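Participant: The lines below spell out each chain.
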Amino acid sequence: MYEFNYQKAASLEGAAKFLAANEEAKLVAGGMTLIPTLKQRLAKPSDLIDLATIDGLRGIKEEGGGVTIGAMTRHVEVQRSDVVKRVIPALAALAGMIGDPAVRNRGTIGGSISNNDPAADYPSAVVGLGATVVTTKREIAGEEFFTGMFETALGQDEIVTAVKFPKPGTAAYQKFKNPASRYAIVGVFVAKTAGGIRVAVTGAGACVFRVPEMEAALTKSFNAEAIKDIAIPDDGLNSDIHASAEYRAHLVNVMARRAVAACA
Amino acid sequence: MAEIGTPVRRREDYRFLTGQGTYTDDINRPRQLYAYILRSPYANARITGIDSAAAATASGVVAIYTGQDLAADGVGGLPCGWQIHSKDGSPMHEPPHPVLAIDRARHVGDPVAVVIADSLAQARDAAELIQVDYVSEPAVTDVAEALKPGAPQVFAEVPGNVCYDWHLGDPAAVDAALAKAARVVKLDLINNRLVPNAMEPRAAIGDFDRATGEHTLYTTSQNPHVIRLLMGAFVLHIPEAKLRVVAPDVGGGFGSKIYHYAEEAIVTWAAAKLRRPVKWTADRVESFMSDAHGRDHVTHVELGVDAQNKFVALKVATLANMGAYLSTFATCVPTYLYATLLAGTYTTPVVYAEVKAVFTNTVPVDAYRGAGRPEATFLLERIVDLAADELGIDPAELRRKNFIPTDAYPYQTPVALQYDSGDYFSTLDLATKAADYAGFEARRVEAARRGKLRGIGIATYIEACGIAPSAVVGSLGARAGLFEAAAVRVHPTGSVTILTGSHSHGQGHETTFAQLVADGLGIPMDSIEIVHGDTAKIPYGMGTYGSRSLAVGGTAIIKAMDKIIAKGKKIAAHLLEAADADIEFKDGVFSVAGTDRSKSFGEVALTAYVPHNFPHEELEPGLDETAFYDPKNFTFPSGAYVAEIEIDPDTGTLEVCSFNASDDFGRIVNPMIVAGQVHGGLAQGIGQALLEACVYDKATGQLLTASYNDYAMPRADNLPSFVLSTHATLCTHNPLGVKGCGEAGAIGAPAAISNAIVDALKSYGVRHVEMPATPEKLWRAIHQHQMAAE
Chain A
-2 MYEFNYQKAA SLEGAAKFLA ANEEAKLVAG GMTLIPTLKQ RLAKPSDLID
48 LATIDGLRGI KEEGGGVTIG AMTRHVEVQR SDVVKRVIPA LAALAGMIGD
98 PAVRNRGTIG GSISNNDPAA DYPSAVVGLG ATVVTTKREI AGEEFFTGMF
148 ETALGQDEIV TAVKFPKPGT AAYQKFKNPA SRYAIVGVFV AKTAGGIRVA
198 VTGAGACVFR VPEMEAALTK SFNAEAIKDI AIPDDGLNSD IHASAEYRAH
248 LVNVMARRAV AACA
Chain B
93 MAEIGTPVRR REDYRFLTGQ GTYTDDINRP RQLYAYILRS PYANARITGI
143 DSAAAATASG VVAIYTGQDL AADGVGGLPC GWQIHSKDGS PMHEPPHPVL
193 AIDRARHVGD PVAVVIADSL AQARDAAELI QVDYVSEPAV TDVAEALKPG
243 APQVFAEVPG NVCYDWHLGD PAAVDAALAK AARVVKLDLI NNRLVPNAME
293 PRAAIGDFDR ATGEHTLYTT SQNPHVIRLL MGAFVLHIPE AKLRVVAPDV
343 GGGFGSKIYH YAEEAIVTWA AAKLRRPVKW TADRVESFMS DAHGRDHVTH
393 VELGVDAQNK FVALKVATLA NMGAYLSTFA TCVPTYLYAT LLAGTYTTPV
443 VYAEVKAVFT NTVPVDAYRG AGRPEATFLL ERIVDLAADE LGIDPAELRR
493 KNFIPTDAYP YQTPVALQYD SGDYFSTLDL ATKAADYAGF EARRVEAARR
543 GKLRGIGIAT YIEACGIAPS AVVGSLGARA GLFEAAAVRV HPTGSVTILT
593 GSHSHGQGHE TTFAQLVADG LGIPMDSIEI VHGDTAKIPY GMGTYGSRSL
643 AVGGTAIIKA MDKIIAKGKK IAAHLLEAAD ADIEFKDGVF SVAGTDRSKS
693 FGEVALTAYV PHNFPHEELE PGLDETAFYD PKNFTFPSGA YVAEIEIDPD
743 TGTLEVCSFN ASDDFGRIVN PMIVAGQVHG GLAQGIGQAL LEACVYDKAT
793 GQLLTASYND YAMPRADNLP SFVLSTHATL CTHNPLGVKG CGEAGAIGAP
843 AAISNAIVDA LKSYGVRHVE MPATPEKLWR AIHQHQMAAE
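Going line by line, the protein sequences match chains A and B. Read in the numbering used here, the first sequence has 187 at position 190, and its numbers run on one by one without any break. Position in the second sequence (first residue = 1) + 92 = the numbering used here.
Be aware that one or more of the hints could be misleading.
Which residues of chain A face chain B? A partial, calculated answer using Cβ under 8 Å [what the hints assert, rightly or not]:
{"no.": "1", "residue": "Leu45"}
{"no.": "2", "residue": "Pro176"}
{"no.": "3", "residue": "Ala177"}
Hints were generated in silico from the structure; no laboratory data involved. Keep in mind the model is a prediction, meaning the values are calculated, not measured. Ideal Cβ placement from N, Cα and C applies to all residues, glycine included.
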């Protein structure tokens, strides 16, 4: 690691102010992506601002018919939460598929979506459920939050405080894991939301995306058969030594069908 | 034999499981400095200049050295320990292997400079200030590409990148037999490059005592005496008496810690220059690009079969990747550890193998668990399975038909080795019965109803280990002997210290060797101490690899014990006033035959050191014997593995449903430790077959798999519970009849898995799937067939 200054943030306002004044400063939440990045000297922040000590950022509340999850809530807490398991079981299951137990003990939902790794799991749930991201400045609709590979709508000094997930009619997440990193080569979140059927895909492209053709077919008939022949173009999909674009395109269809089948 | 054969709990586990092991990185020397190695980011680049002026003034920096500095000080290159001759009799090319690259970097990770500073962070920071002028040139990472005209030349003095072009066997006899064969089965296949990934990364600490002139190297080595010899004689020119090498607790080696590496020489040399200890520890990414890699063969094989389904000839042509430099034993792996195993468990009468060793701009390749035998077994078991398929005969039946009969030993193979004992029928029976081989078809049908493709695969293997008879390997080009040494030091009050040249880095020698001694001397395990790993304490040792420690190191201990017992009898005879010939030794007691007059081992030991009543005219006092043992032959463990797998055709995902292993390791000293060795070997073999792939970018020579984000290690959830059995045929040429067991799993598992995959995909017309058989590869194999059918 390069040298950096470390501080435990006392308040969100203080953290935001510091970010605004110091362009090279970074927030640290769970650190499960940031720390390995620092160890490999792939980043050189001047300061790390630790959000762990700020009151009120952690916790799961049932409200507005859905679930609100504080940004600093650890994946393991979402995975084991009785509230989430009752209201949105697919979300608890997804949290349980992130990384491994050590990663789940530390990693946070706020950190995950702010980083927007193309292979992260949470973005597919945020978009798939039509969730709302709450920040220190505003509320952002899920599908407007993720703007590109490792890019979000957040401003330089804007901090995610919570994510509000509405309760779906039914939902499921199917993940095809990279055998080495266990990140999503393809992850598909299917949900019947108040606004309609959503199919949100992570891992396959630069950023989470929806599949309107599948959503339309499922709206007509909500079963795996209905989307059997919908092929995703492999144009623009990720391709690496673990999975070609063509294979990912194929997997999107398979995982989508399995997610539909898994919906109660 | 009391202790032998019992699953005694490992004595070394207490410190390992409570975090109290002493690994090289745990050692800290007073006033030590930290070394950081600057490595080439290019696969092939001329180095036209290194400017370290800015780095030298960075905070905490004490020194910066380059290849020029080492050369100016007379530091030699890293030696290769085995000379191979080509078909035309010419010796192999041995281009220089400098400790730090001088005018050219030849692989990503090639060490170019070292920064030595008060802290590692300071050394790392300073290294970023070093300006190396690289002129990057096209690189080649693939053996077939490296042989093409116009390919980048790794060494100007090695035309066509060919290190040697070697062969074994009679090509005319093989061609004639193939021409007459009823059928010739052919296959092209790859044995994929692996990264060893011992849990403990390599580390080294150099220290120099100006007062005594003694150098000390602490290093993560499987063979400290070999390092002392290679580094002292060829690289740094330090006499053995002034060079101590210590390999403390070492966290796994698998071959990767046999070699004399640049970092060992760097820290030893720098410590003497700076008169302060210098410490280096690799991080994982660095390990990926500096630990010797394994395997990386491209092979064409042909098997001739007669009308009675007997194998009549085998012809093999292999391209073996050496990497960018010759690692210490690289040259013997695809020759004498490989081609000599191509008879396998079969009576094939003629075999011809030709091997081209090729330089490429990749990390040097050398022995890795199995070293040549996994490559031989894989191709043999794949071609035998293909033959079974083409002949329409059951793969187990075809093997049985061609097994060496149990009454044929000693069996002279057509590839130099003579097997001493074996019984492949019994292990195949045990494995197939345990796997319910006969009931497979019903399971296949049931799996198909669930939409899954189920397959079953067999592999039978044999390996040569317990290396090796020195005269034999010497005649084949080895530059070292392969004996082993042991000292049995009995203390006055009867406890015993064993100084063994073997090294334990996971094998449990502190337990198994103590079992040998407890059994041989009839004394409690608690009064036995096994010492290894320090050249200042151990007379000599060739180290641990090639499944040799029990067969060779254990036998050396037994021979030293024989000397102890012989002397003990004379002392006892004197004490008991009997003739030497009348003394018997059993269960720790010397007694006069046919009487109840006896002396205990403890009494005899005390007498040896307090020799008031002692036959001084015939014997010296003391009870301390050393033995050097040079084995008469290799040992030949063998076995049969049966793997059953299921493939999901929608995704290509594969599940290993069961894995049954039946091994012949000769006599087993500790069945728990043996089972552990088999489990570990199977995990590595299955890892090779399904998960592990070391990948280089063909265009740039960049190492794409340099961390666990991309290199898939086998984990517990990738593997089934293994079902093991053993069937022993004793080794005929060591006193215990042991054969060794350390590498078997890695040798036999890849073929068993591969054969199961091809079995599962038979209906798709798939003949072979290259390792690792990733989901995408399997999906494409199925998909391509479906597309072709449409």
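Participant: Now tell me, hint by hint, if it's right for this structure.
Facilitator: Taking the hints in turn, this is what the structure says about them:
1. Leu45: violated (16 Å)
2. Pro176: Constraint on Pro176/A satisfied, holds at 4 Å.
3. Ala177: Constraint on Ala177/A satisfied, holds at 4 Å.
Consistency with the previously given hints fails for number 1 only.
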